[in-house]
Amino acid sequence: MVEPDKQDHPIMAIDRDGLNALIQRLAAEGYQVIGPRVEDAAVVLGPVAGVADLPAGWTDEQSGGHYRLVADGKGEAGALFGYTLAAQGWKRYLHPPRTRLWQAHREGRSWRVEAEAAPQRYAFLGVRACELSAIGVLDRVFDNGQFTDPGYAARRSGTFIVAVNCGRAAATCFCASMDTGPKAHAGFDLALTELPGEDRAGFVVEVGSPAGAAMLQAIPHGPAAAADIDAAERAVATATAQMQRAAGGREMVADAAGVLSRNAEHPLWEAVAARCLGCGNCTAVCPTCFCTSVEDTTDLSGEVAERWRRWDSCFTLDFSYIHGGSVRRGTASRYRQWITHKLSYWHEQFGTSGCVGCGRCITWCPVGIDITEEARALAESEGRT
Amino acid sequence: MDIAAPTIRPPSGDPMLPRLFRIERVKKELSDTFTMEITPADGGPFHFRPGQFNMLSAFGVGEVPISISGDPGDPELLVHTTRVVGSVTAAICALKPGDTVGVRGPFGSHWPVEDARGADVVFVAGGIGLAPLRPAIYQIMADREHYGNVVIFYGSRTPEDLLYRRELQRWRGRFDMSTEIIVDRATGHWGGRVGVVTKLIRGGGFDRHHSIAFVCGPEVMMRFAVQTLGECGVTGDRVFLSMERNMKCALGFCGHCQFGPTFVCRDGPVYRYDAIERLFNVWEV
Chain A
1 MVEPDKQDHP IMAIDRDGLN ALIQRLAAEG YQVIGPRVED AAVVLGPVAG
51 VADLPAGWTD EQSGGHYRLV ADGKGEAGAL FGYTLAAQGW KRYLHPPRTR
101 LWQAHREGRS WRVEAEAAPQ RYAFLGVRAC ELSAIGVLDR VFDNGQFTDP
151 GYAARRSGTF IVAVNCGRAA ATCFCASMDT GPKAHAGFDL ALTELPGEDR
201 AGFVVEVGSP AGAAMLQAIP HGPAAAADID AAERAVATAT AQMQRAAGGR
251 EMVADAAGVL SRNAEHPLWE AVAARCLGCG NCTAVCPTCF CTSVEDTTDL
301 SGEVAERWRR WDSCFTLDFS YIHGGSVRRG TASRYRQWIT HKLSYWHEQF
351 GTSGCVGCGR CITWCPVGID ITEEARALAE SEGRT
Chain B
1 MDIAAPTIRP PSGDPMLPRL FRIERVKKEL SDTFTMEITP ADGGPFHFRP
51 GQFNMLSAFG VGEVPISISG DPGDPELLVH TTRVVGSVTA AICALKPGDT
101 VGVRGPFGSH WPVEDARGAD VVFVAGGIGL APLRPAIYQI MADREHYGNV
151 VIFYGSRTPE DLLYRRELQR WRGRFDMSTE IIVDRATGHW GGRVGVVTKL
201 IRGGGFDRHH SIAFVCGPEV MMRFAVQTLG ECGVTGDRVF LSMERNMKCA
251 LGFCGHCQFG PTFVCRDGPV YRYDAIERLF NVWEV
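Protein sequences appear in the order of chains A and B.
Residues 1 to 385 (this note's numbering) make up the first sequence, in order.
Residues 1 to 285 (this note's numbering) make up the second sequence, in order.
Just chain B, same shape as in the assembly (with noise of 0.2 angstroms):
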């Protein structure tokens, strides 16, 4: 199996004006993280990949790289699930249904969803980083038949912290998937795993030998479950994740997100592990 991070052309036109969208939802997800569904306002479709990213902005107060994390089988409605960190995150928390944002993208590379057919399927999602992998599990439930077991490994700091909660108990629910979830800290009256999600990695269920895994969270978090999975069988060739770094242009322009000889706008935000495996393990890259 050889399978690249692949990339596709965004829309042309001048890429660095924002097109406008109309917020229609929103919906609260945790104490600092909403979710978001808007529509273009001059019409049509929104097409995108599964792991690809927009900026968003809010006007007058800045734009911010947030993932898609709607489904890419449903084109007419573009989902962001956003995390309040800082003043441009928190202008958009702030809009209503009927205000404006505006979008730029989709830009940079997207889970190998399609090339990982016949193969089973390892998400490995740690606190928010479930959000840029939804589009990618939306995509292959929807395409079941063609993938070998699906498997979802979620890790968060405490129950409280489990992003898309009614999703997961669905999912948890379903004989065609299975759904595992740990948290750092247990509140309150949880009576699941107590851990870190390698832990999970550990307990298998997944084919070592014809296993994808797509993989988002904190790069110290993705650094522990990289090693787990190779210590499972995943080689690194069948490892996706999800970087982030921070970001001003998404276009290659502003040198901000710059990966060792590489872009994560242009060339990310998804890699296979393999292809940055020496980057990866050096300090303050």
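Chain A extracted, bound-state conformation (with noise of 0.2 angstroms):
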């Protein structure tokens, strides 16, 4: 929906040029500008120099277990953001994989500890509604109200987004249902609606910060059109009318995480473990899964000690391990946890869903487990639906 009192930011419009004039000046005022781009037969995301680097003309296909890029025809000339969501988020770059805590001298019988140096800034570019719900969750989880990740909060301030409307969906996304897609309605510094249209459409651009203002002021930009503000409403509508239920999409069950809290003895639980293979890649692609281990390294003399944090996944037996053995053993209680966690627990720890409807556990899940139809079978074991 586009809100008539937002008069300060009257909504405007770029085309392409204007995009990558766009990229270039964050390049230029010294972000790292992250967005898709096409390898390794999917569209990922990575530093991105100006719109050819954007995977204009593909779009995907998604659904559980399955994920192919398709060529839309166009070629250049084709959709730029025509894609739904790049494999992996933007987790990696606010909560990276990999990264130091912090670093150790040796001096006698003690130590300097030094923290890390401020980290590069980033701006996303491209967005979607769903993610940016899943860094607004993230935000949550690393400032908890008794302790901040000085880390991700220092990544976190710098970066700058570039939201975009999806004008599809993917049959793996419920973000209709989840209330969190698929328009971007806060915690964007711009967002972009693409147009659709035969030949290098153009953007409807709407501000939602000082710094977008400030952004788009130093780009080509105009007023957009009545006619293309009403293609952009249409094109957000048309996504989602697919993620319908009744018209063959994808939706959470109501309730969801009182289900979940209900039901923590069900047969279903091992039902579910005789088709999860425990690899966790639902983790390692979840937008807000941020658990992680320590990992204490020396270097060969015993001088240098460092301390680094990795992502860890509730899908690995050592995960729960204590004295004594693991008390998570069987994937069961393991898949469990992790539905439980993002569905039900979750609002709990953080007034908040911990999924967001993006569906990427559904499309990288080896087997095609699917949370959505999981949850609803739980409902509809309790007599409803």
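Keep in mind that the hints were calculated from the coordinates and are not lab data.
C-beta: ideal position from N, C-alpha, C; glycine also.
Any given hint could be a false lead.
[Claimed, not checked] To be clear about the criterion: a stretch of chain B counts as covered by chain A if any three or more of its residues have a C-beta under 8 angstroms from a C-beta of chain A, and this derived list gives those stretches:
id: 1; segment: 17–27
id: 2; segment: 59–73
id: 3; segment: 85–99
id: 4; segment: 231–237
id: 5; segment: 248–256
[Stated by the list, open to error] Anything over 10 angstroms on all C-beta distances counts as not near chain A; from chain B, calculated:
id: 6; residue: TYR164
id: 7; residue: ARG174
id: 8; residue: ARG266
[Unchecked claim] So the derived label-pair ranges between C-beta atoms look like this:
id: 9; chain 1: B; residue 1: VAL282; chain 2: A; residue 2: GLY46; range: 40 to 48 angstroms
id: 10; chain 1: B; residue 1: ARG278; chain 2: A; residue 2: GLU380; range: 22 to 30 angstroms
id: 11; chain 1: A; residue 1: THR298; chain 2: B; residue 2: LYS96; range: 49 to 57 angstroms
id: 12; chain 1: B; residue 1: HIS209; chain 2: A; residue 2: GLY65; range: 54 to 62 angstroms
Please dock the two separately framed chains into a single complex, following the hints provided.
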């Protein structure tokens, strides 16, 4: 929806040259611009230097355990953001898979501990609405009211965000039922909606922050035509409609939090465990899974010690290890932990769902286990749908 | 009586960075267990509440959560009793007086010692579970007149596994507290009781309607202790226990210590039993 009260930032438009100028301007201001690009037969996120790096003419086909890049037939003239989601999200930039927490130098029988230097500033180009929600979720995780993760806070506060609204939903998408998309409402500096069109279509632009307004002023832009604003809204409405269950789309069952919290004891857990490989792919691609472990290392001389933090997964046996053995010995309890944390406990911990409806865990599960279907099966076993 | 497991705010600053402590004294307690007294390299006292824990680092090896087992009334000396069960605890054990360990903390909730004033206090400890209870015992005995009966029920596998043996003997010699000890398996010249700790609870020595119980030990032992306490009239709202889960950060960031919707590092380790009763009885939470 376009809010009519945003009079101070009327809706603007940019063309592809404007987008190119935006990327270059961000780089000139010291940001490393991260955006979508085609690599290894998938859309992935990586450094982009201009519009030429973006996945023009590519879209994706996603379903349980299935991902294919598909050409839209228009090549360079095709949509730049016609895909739905990159294989991995922005988490790896804000909460990197491996990061050093500190370094210590031996001084006799003591040590001198040094904190890490200020990180790289990123500009994210192409953040989807569900992913904006996911970043909002991570913000709560790493500033929990008692402690703040200084590394995350530094990376996050330096980040410039260009959201891109979705004009299409993949078969795995269910953001509409999580109330996180497909349109970005907050949490961005600029939000673009790519206009449907046959040839090198432009973008409708909304401003979400003073930094976004200043950035827009620095690049070629103009007021958006009423017809283009309508077209942008229709594009988002199309994505919403594609996710309706009645129309063959995907939805999270109502009150998933309650369903999960009531069913810690349920035959479904063993049934899922019979399919689940325990590989942890879902936790790697999930934009909100935040669990980590730490590793301490030394150099060969033993004079320098470091502590590194790396992503971990609740699907590993080690994850719950305490002296005497792991707490969650079976795949059943590990899957239960993951989905119950995501859909239920998260509300109690952070006041929000841990699931944003991006559907990556469905796409990248090697056996296509579907979080929406498992939650629905539990709900239906309670005699409700 | 309505008592919650309380939490207090830890120090500010980068919570990931360990503070340097100098090892003053190391005492061997058991074949695999030692007590270490440490002081901050940058001086100053270290305040904590009974039941809280620290993250201890052996530089270059790793970091582990260890409960504080010293006297909260003596903040000049930080005391930890540690069992060697892995590479990090082994590395810490290998350090000598004058060496340096890293400390982050104190973290977590604590035994509601002040709130228990006026009531009988029942300590139920299993094995090394006596270590996190000792600060509460110290604090209560330093404030003895404000409490009713003070009863310690301590169970261990064998007489050789009894922690703080000389201190237990001193406590047993006191007229203002009762210390009962039991072992699973008698060895050597053991002339004391044999069995599980629930046997001691059934022996009583506390007012069933005006008692607070602090329980710490292996999860299976706590399960039976809580059940027996309940049968003896100490309801779940007056039973507190200390949970153990894998912990990597103690800040709520690493996700490892989750116990249902709670983080043991922040919401625990000390929980009021009725708050976690439902989870406590579900498999592999």
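Hints, verified against the model:
Under a criterion of three residues with beta carbons nearer than 8 angstroms to beta carbons of chain A, the stated coverage of the segment 17–27 of chain B is upheld, 4 such residues being counted. Counting residues of the segment 59–73 of chain B whose C-beta sits closer than 8 angstroms to any C-beta of chain A gives 5, which meets the bar of three, so the coverage hint holds. Coverage of a stretch by a chain is defined here by at least three residues with a beta carbon nearer than 8 angstroms to that chain's beta carbons; for the segment 85–99 of chain B and chain A the count is 4, and the condition holds. Only residues whose beta carbon comes within less than 8 angstroms of a beta carbon in chain A count, and the segment 231–237 of chain B has 0; fewer than three means the coverage is violated.
Counting residues of the segment 248–256 of chain B whose CB lies closer than 8 angstroms to any CB of chain A gives 8, which reaches the minimum of 3, so the coverage claim holds. Even its closest Cβ contact with chain A, about 20 angstroms, leaves TYR164 of chain B beyond 10 angstroms, as expected for a residue assigned away from the interface. No beta-carbon of chain A comes within 10 angstroms of the beta-carbon of ARG174 of chain B; the shortest separation is about 32 angstroms. Against chain A, the non-interface label of ARG266 of chain B is violated: not every CB pair exceeds 10 angstroms, the least being about 6 angstroms.
For the hinted restraint 40 to 48 angstroms between VAL282 of chain B and GLY46 of chain A, the CB-CB distance of approximately 43 angstroms keeps it satisfied. At about 23 angstroms, the CB distance of ARG278 of chain B to GLU380 of chain A agrees with the hint of 22 to 30 angstroms. For the pair THR298 of chain A and LYS96 of chain B, the supplied restraint of 49 to 57 angstroms is violated, since their beta-carbon distance comes to about 19 angstroms. For HIS209 of chain B and GLY65 of chain A, the hinted distance range of 54 to 62 angstroms is satisfied, since their beta carbons lie about 59 angstroms from each other.
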